[in-house]
Every structure is written in C-alpha cells, then in structure tokens.
Amino acid sequence: MTLRIEIDDLAKYFGEIKAVDGVSFSVKKGEVLGFLGPNGAGKSTTMKMITGFLTPTRGTVRVCGHDVLTDPISVKASLGYLPEGAPAYADMTPDSFLRFIADIRGLSGADKKRAVASAAERARIKHVMFQPIETLSKGYKRRVGLAQSILHNPPVLILDEPTDGLDPNQKHEVRTLINDMAHDKAIIISTHILEEVNALCTRNVVIANGKVRFDGTPHQLESMSRYHNAVCLNIANVADTDVVPFLHSLDFVSGVEPLTSNRGFRVYPTQGKHITAELSQVIRDHGWQVDSLYAENGRLDEVFRSITLNSAQGEV
Amino acid sequence: MNMINIWFIMKRELNGYFATPVAYVFIIIFLLLTGFSTFYLGNFFERGEADLYPFFSIHPWLYVLLIPAISMRLWSEERKNGSIELLMTLPVSVQEAVLGKFLAAWAFTGLALLLNFPLWITVNYLGSPDNGVIFAGFLGSLLMAGGFLAIGSCISATTKNQVIAFVISLIVSLVFVLSGYGIVLDFFSSWAPATLINAVSSFSFLTHFDAISKGVIDMRDMFYFASVIIIWLFANAIVVNARKAD
Numbered sequence: 000m001t002l003r004i005e006i007d008d009l010a011k012y013f014g015e016i017k018a019v020d021g022v023s024f025s026v027k028k029g030e031v032l033g034f035l036g037p038n039g040a041g042k043s044t045t046m047k048m049i050t051g052f053l054t055p056t057r058g059t060v061r062v063c064g065h066d067v068l069t070d071p072i073s074v075k076a077s078l079g080y081l082p083e084g085a086p087a088y089a090d091m092t093p094d095s096f097l098r099f100i101a102d103i104r105g106l107s108g109a110d111k112k113r114a115v116a117s118a119a120e121r122a123r124i125k126h127v128m129f130q131p132i133e134t135l136s137k138g139y140k141r142r143v144g145l146a147q148s149i150l151h152n153p154p155v156l157i158l159d160e161p162t163d164g165l166d167p168n169q170k171h172e173v174r175t176l177i178n179d180m181a182h183d184k185a186i187i188i189s190t191h192i193l194e195e196v197n198a199l200c201t202r203n204v205v206i207a208n209g210k211v212r213f214d215g216t217p218h219q220l221e222s223m224s225r226y227h228n229a230v231c232l233n234i235a236n237v238a239d240t241d242v243v244p245f246l247h248s249l250d251f252v253s254g255v256e257p258l259t260s261n262r263g264f265r266v267y268p269t270q271g272k273h274i275t276a277e278l279s280q281v282i283r284d285h286g287w288q289v290d291s292l293y294a295e296n297g298r299l300d301e302v303f304r305s306i307t308l309n310s311a312q313g314e315v
Numbered sequence: 000m001n002m003i004n005i006w007f008i009m010k011r012e013l014n015g016y017f018a019t020p021v022a023y024v025f026i027i028i029f030l031l032l033t034g035f036s037t038f039y040l041g042n043f044f045e046r047g048e049a050d051l052y053p054f055f056s057i058h059p060w061l062y063v064l065l066i067p068a069i070s071m072r073l074w075s076e077e078r079k080n081g082s083i084e085l086l087m088t089l090p091v092s093v094q095e096a097v098l099g100k101f102l103a104a105w106a107f108t109g110l111a112l113l114l115n116f117p118l119w120i121t122v123n124y125l126g127s128p129d130n131g132v133i134f135a136g137f138l139g140s141l142l143m144a145g146g147f148l149a150i151g152s153c154i155s156a157t158t159k160n161q162v163i164a165f166v167i168s169l170i171v172s173l174v175f176v177l178s179g180y181g182i183v184l185d186f187f188s189s190w191a192p193a194t195l196i197n198a199v200s201s202f203s204f205l206t207h208f209d210a211i212s213k214g215v216i217d218m219r220d221m222f223y224f225a226s227v228i229i230i231w232l233f234a235n236a237i238v239v240n241a242r243k244a245d
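Chains A and B, in that order, are what the protein sequence lines are. For the first sequence, position 138 (counting from the first letter as 1) is numbered 137 according to numbering that gives the first Met the number 0, and the numbering increases by one without interruption. For the second sequence, position 41 (counting from the first letter as 1) is numbered 40 according to numbering that gives the first Met the number 0, and the numbering increases by one without interruption.
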C-alpha cells in the first residue's frame, strides 16, 4: 500500500470544547484530499496535529509510516506545511528565508541553491526575492509560504487554505502548481472555497463539529445534491400550462419547477438518474421544439450546507 | 540534539538583530551607559587605580535594565506573529530552538561587551593593570549576562506581548540581583537566621559576580551561573511546549 497519511480516531479537546472528536481517514500517494468544513469545524486543529504542532488528546497520526507522537522529527522531515495565514519571519527577505528553511531541511551546497531557485520559480516569487517579507502583499506572502512548504520536495504536503486572500489569477496559478505536483505526493488542502473541490481535489473529506460527515470523491459529493442530474429545459412556442402536466406525466420525472431567471423549467429525475437523452427524445416525439436543454452536476454549496448544518442540529 | 540545527537557528536569529536598527541602537546605548557609569559614577580617574572595577561593578544594574530588552522578543514575537507554528513544524526539536535563540542573544551581548575594549586600552595606557583580573571580569560579566538572558528568554515564552515580557523579566532579574544587596540582606538579618540569609544571598547574581570581577575565578561561581542558565533554559523549553499553540 502507498498510504502516506494515516489518521485514526484523532481527537483534540480544549477543556470542554471538542475541537476534533474522533476523526479517521487516510491519504494515498497521488491523492489531493480537499478538507472541507465551516469555520471552526476543526480543519486547522486536525492539520496542526498531523504536522506535530499540537499534541492530540487521543488517536494516532502516521506520516510515511512514522508516528507523530514517537518520532515527530521524522514526520516533520517528510512533510511540507503551509500554516494558516502563511506566517514567516517578516524582517527576512524571501531569499534569506528560503535559504534558512533549506539549511534546516538539511540541504547544502548546489542542492540548496537548486532547491531555493526551483521553489521560488514554482511559487513565482523570483522577482521579489530580495524585498523584506513584511513589505510584500498578502498574495506574495502566501506564495512565499508555499515556496517554503515545497522547498524540499516532500512526499506529503499539508496546505491550510493555500488560496485564501489571492486574486483569481493567483488562485489559478496556485492550483496549477498543486496539480503539477499531485502525481507523486499525498496532499491535504483545507479550503472553504467550493470551486476548488472540482479544480483540485481527487477526494473530499467534510468535517463539522470535529467529526467526519463525508468522505468520497467530488462526484459523489455533487451527486448528493438534489440538483444532481436535474435538467433545465426550455421549449419554444408552447404554453407553460401545456408543458407542466406533460412533464409530470413522465415516469422518470419526480418534480418540475419554473426557472426564476429566464423562461423554462427545471426537471428533477427520479432517484437521481441521468435523464437528458430520454427527456429530449420524448419531447421531440411529442412534436415540440427544444430551445435549450442541459443537465446540472449538482450544487456543492447546497450539499455543503445540508451536510454541515444537519450535523450541527444533530449535536444539540 | 542536532548541533547543526542549533547553529542554523542561532545564525538566523543573529542576522535578525542586524536586519533592523535595534541592534545598533542597543549597542550604542550600552556603550554610552558603560562609559558614563565608569567615568562619572565610578570616578575612574579620581580613584587613581589601574583596574576596571568601576566598569564591572555597574554591570549587574545595566543588565537588569538592558538584557530584558534583548530577550523580550525571543519567543513572544514568534508567538505573536505565528511563525512559531512554522518553526515548531520544521524538523527541529524544542531544545534546539531554545538553545539556538539563547546562544544568538548571548553572542550578541558578548559582542556588545567586547566593544568596550577601548576602556581596556585606556587602562593599559594609563597604568599597568592586572590583565588577568580584567579577563576574569569580562568572563564573569558574560556569564552573568547569560543568566539574565536565560531568565528573559523563559519569560518571553510565557506571553505574546513584548512589553509584558520586558517588565516581568526586569522585575525577576532585579530580584536575582537585589537578593545579594546590602540593604535587602540587612532587612533579613534583624530577624532571620543566618542560614536563611546565606541562602538568599547565595542566590544573588551580585554575590557571585563580585567575586569573579575581583579576579577570583572560583568554580562554584562558574557552576552557579551555569546552573542558572541551564535551569531557566530547561523551564524555557517546557513553557514553549506548553504554550506554543495558545
């Protein structure tokens, strides 16, 4: 097996507050795990325990086979970590900062030079290498933090909100960078930007109130939406009063609602089935002309809300 | 413990001192104060003796004021801006980080102390002092500075606020100095048993430093300062571990 990160029954209590309460999952080489959840769900706390910054109340974390409690130095050596807010030494320049990280990571001579140059190149900070970090914009600070985390080409990457505070172009660059590295690493990314689920992740874990609520692929996550495979349909030159009863009469349709934005309807399939082909066929057979017809993938924000809010109520 | 990591952390920290004007301001103030106190308060010329006793005797009091200004940022700044999370998730141990930072601060203080060499030249030009005693004085002063720095470093780890770190370090340092000062000991001597007075005064930096600065290099005094440094740094590592994520 190529399990790089194994987390078993991990918990962290701060007094009465159960920040993380029995979280288990694992990440393989080649996987990008999107770690989702509302603010305060326990994402950062979990990541801090994986990286050895926080000591768990109970449970185990193994990174590349090393236990974080018994061999923290080996765990820290085999991972790259971008903490929330990308802290760095403000009075250093990215160049001196990255060279310090390289020293600590055991790189020297030509290897060190190459590692610093390559990390700076990939994080696109080459032209700010000699300005004090405190004078850099939020986006550049984030990228300096990112360069720091990938400097030693670690087998495991833990990135806490890597695209937070970046503009759309910078977000795109960071996602491209992560995608480029994904094939030979195990990566955990925490985010609350749902568009990243499809742009980046091969798997998602959703947590709320310190517990895992979902663990599966982005597709599985989307298919939990009531909009999954719903079809938006517009038929030309036919009165709504004729269309609605007809659609209701079809056995593969479970519901119909009018679209608010423009003319047309949203048709819900029974049991989330794929109905686009069937639907367009019966409409044409009926002699009507289809103006537009497309299927929806599902809405992540709605799934996210239902997973995390239901669980919150369940706790009370 | 990985020595090379201690060295890298020390180097980074030391570079940090000189990245801002803080280091230069500190060194200038330190030199002004030692000069002022040696010549005016210590009556260097009027004494007519070829030694640096007036210079060294003011050191405990200067350190009480100035060392907390160096040590206050060692850990509280890391905690405040979150870089402690970065440092503590690099493959270094807490002990290495504590030692690296402490040694950087100590080396910096040592540099400031060495820059007083014109005084040494002056006293050698004017007379023929016992340079062995002067060497002992520098050594004792450096050891005492290490003691103050270890106290300050540990206290700096307890708070994110540098001003609080400064004030508390100053007060604790003052206690360590005053416990050997005549007035304080007199206060005890009227009612306390002699063993208690001896115990209190034996904890004082003043008692141990005074002996060294007069040229008496007693292993017990050296051992005392070494123990102070080790004990406070040990506590420092415990505090960092306990408070790093707060």
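No lab work stands behind these hints: they were computed from the structure. Every residue gets a Cβ at the ideal spot worked out from N, C-alpha and C, and that includes glycine. Any given hint might turn out to be false.
Unchecked claim - Far from chain A by the CB rule (all over 12 Å, computed), these chain B residues:
| id | residue |
| --- | --- |
| 1 | Y16 |
| 2 | G179 |
| 3 | V183 |
Stated by the list, open to error - Taking CB as the label site, the calculated pair distances span:
| id | chain 1 | residue 1 | chain 2 | residue 2 | range |
| --- | --- | --- | --- | --- | --- |
| 4 | A | G39 | B | V174 | 49 to 55 Å |
| 5 | A | G105 | B | W60 | 54 to 60 Å |
| 6 | A | N168 | B | W60 | 57 to 63 Å |
Handout entry: Range hint compliance [Cβ, G105(A) to W60(B), 54 to 60 Å]
Key = This hint is violated: roughly 44 Å between Cβ atoms.
Practice task
May I ask you to check that Y16(B) keeps its beta-carbon over 12 Å from the closest beta-carbon of chain A?
Solution key: Violated, because the least Cβ-Cβ distance between Y16(B) and chain A comes to about 10 Å, which does not exceed 12 Å.
Exercise for the section: Look at the Cβ atoms of N168(A) and W60(B) and judge whether their distance stays inside 57 to 63 Å. Expected result: At roughly 58 Å between Cβ atoms, W60(B) and N168(A) fall inside 57 to 63 Å, so the hint holds.
Exercise for the section: Take a look at whether the Cβ-Cβ distance between G39(A) and V174(B) falls inside 49 to 55 Å. Expected result: Cβ of G39(A) to Cβ of V174(B): about 42 Å, so the range 49 to 55 Å is violated.
Handout entry: chain A versus G179(B) - minimum CB to CB distance exceeding 12 Å, so not interface
Key = Given that every Cβ of chain A is farther than 12 Å from that of G179(B), nearest at about 38 Å, it holds.
Exercise for the section: Hey, is V183(B) genuinely clear of chain A, shortest beta carbon separation above 12 Å? Expected result: holds (40 Å)
The structure is inconsistent with the numbered hints 1, 4 and 5, although it conforms to all the rest.
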